[in-house]
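Participant: Sequence:
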Amino acid sequence: MSGHGDPIRMSSQKCGPLSGVAEVPGDKSISHRALILGALSVGETKITGLLEGEDVLDTAKAMRAFGATVTQHGPGEWSVQGVGVGGFAEPEQVIDCGNSGTGVRLIMGCMATSDITATFTGDGSLRKRPMGRVTDPIALFGAKAYGRQGGRLPMTVVGAADPAPVTYTTPMASAQVKSAVLLAGLNAPGQTVVIEKVATRDHTERMLRGFGADVTVEDTNEGHKITLQGRPELVAQTVAVPRDPSSAAFPVCAALIVPGSDITVPGVSQNPTRNGLFITLKEMGGDIEFLNEREEGGEPVADLRVRHSALHGIEVPEDRAASMIDEYPVLSVVAAFATGKTVMKGVHELRVKESDRIDAMARGLEANGITIEEDEDTLIVHGMGQDGVPGGGVAATHLDHRIAMSFMILGLAAQKPVSVDDGSPIATSFPIFEPLLNGLGAKITRD
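Counting in the working numbering, the final residue of the sequence shown is number 456, and the numbers go up one at a time with none missing.
Since the hints were made in silico from the structure, they are not lab data.
Do not rely on the hints blindly, as some may be mistaken.
[As the list claims (entries may be wrong)] Derived lysine-lysine pairs resembling DSS-like cross-links, with alpha carbons at most 30 Å apart: (1) K291 to K206; (2) K234 to K153; (3) K425 to K452; (4) K206 to K137; (5) K137 to K153; (6) K291 to K452; (7) K70 to K137; (8) K70 to K153.
[Said to hold, decoys possible] FRET-style restraints, in silico, Cβ to Cβ: (9) V226 to E53: 25 to 33 Å; (10) I204 to S88: 43 to 51 Å; (11) N230 to E292: 26 to 34 Å; (12) G83 to Y155: 38 to 46 Å; (13) D145 to T454: 28 to 36 Å.
Cβ coordinates follow ideal geometry from the N, Cα and C atoms, glycine included.
Using the sequences plus the hints, can you model the full thing?
Facilitator: Here you go:
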């Protein structure tokens, strides 16, 4: 059962060509950060294009609990009256972050260097996810965390009364960990340094600069090095949130595998730390054009034109994983309709997402007649060609929105309908998923 409602069984079936314009929601990663940095700023931050999925709405509630004034003015239009760096008040109630690993980890970071205490929880999926990857580095600042065995929620974080700056090398490629450390460093004196072996999505660094922080980035012998000067005065901004490439992935992939399709997806972020899927799809033979390339809100964006394509399997470079980690589930669906096998290595981080995504996709693909191979760090899909995917199976989503949406895309071109046991988590990131896809010509229904 989802933490946000009763299970919703959903199905999709083979459809005719997809056509039209797919206006996907605002970027989830940037939406979280806009609310958080707005709360840490002086003045009123105005946000347009905010994703109004449950994950982001939970972050808005959390910022209110810490003392910021967060107001919705219309669809996607919000404002945040901030309290400034170090100005968080101690929340009176438990902070419920729902399904959002990004939300809870970033919020833990930004309160870890204030002399306050907060308790965090989430839904059944979030309570299974490891928080040690964040509580370990914030402990270096002087914060303390008390959670369930294995470093899991519910968890109480006691912020550092006298924080010290840190230099931290991330043990895994995780933008959430990097961002949590940088946000903690805002209220610590001196310089906080994060070193990554592999560069991850850089929205936090870009937005911190936009709000007035002194952030430098350089590639060194140690790795990708980000240095933040602590205790800046962040100044409220106007933030235009670009459309989410992780959400755009679903109509894009659907158009590639449904014969005769020709769609446009406007205003999609083309941040180079997020566009690995689109590069991979083009390497597989995908007909994707990047039109009207421009910059909005400090982020590169483009309009994507996508047409049905004859696809072939490839080996996805391991060093591309960080730029497309959330897109491997839907890529594995596309791979099923390609000729030859698609090899995805270096994807161990998928095992600690909202679900074990490697296992969830492997079991669901097998249930629909697709041959796969897997190990701890690899998923291989043996493509069956455009007309070779049987379908007809039921996939377990494990409270994971991306698993649910990926299997709904599978059903649009499989020979038999495909079902999922619970589509309710889709609302956490893509609340208009069904009407948007069906508006293009898809056949997705609630059973």
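Participant: All hints are to be evaluated individually against the structure, with a verdict given for each.
Facilitator: Checked hints:
1. K291 to K206: holds, 27 Å
2. K234 to K153: holds, 26 Å
3. K425 to K452: Distance ~12 Å between K425 and K452 Cα, so the pair holds.
4. K206 to K137: holds, 26 Å
5. K137 to K153: Roughly 20 Å separates the two Cα atoms, so the pair holds.
6. K291 to K452: holds, 26 Å
7. K70 to K137: holds, 22 Å
8. K70 to K153: holds, 23 Å
9. V226 to E53: 25 to 33 Å: Holds, since V226 and E53 (Cβ atoms, about 28 Å apart) stay within the stated range.
10. I204 to S88: 43 to 51 Å: Violated: the Cβ-Cβ distance is about 36 Å, outside 43 to 51 Å.
11. N230 to E292: 26 to 34 Å: The hint (26 to 34 Å, Cβ to Cβ) holds, given that N230 and E292 are roughly 30 Å apart.
12. G83 to Y155: 38 to 46 Å: holds, 41 Å
13. D145 to T454: 28 to 36 Å: violated, 45 Å
Violated hints, in rising order: 10, 13; the structure is consistent with all others.
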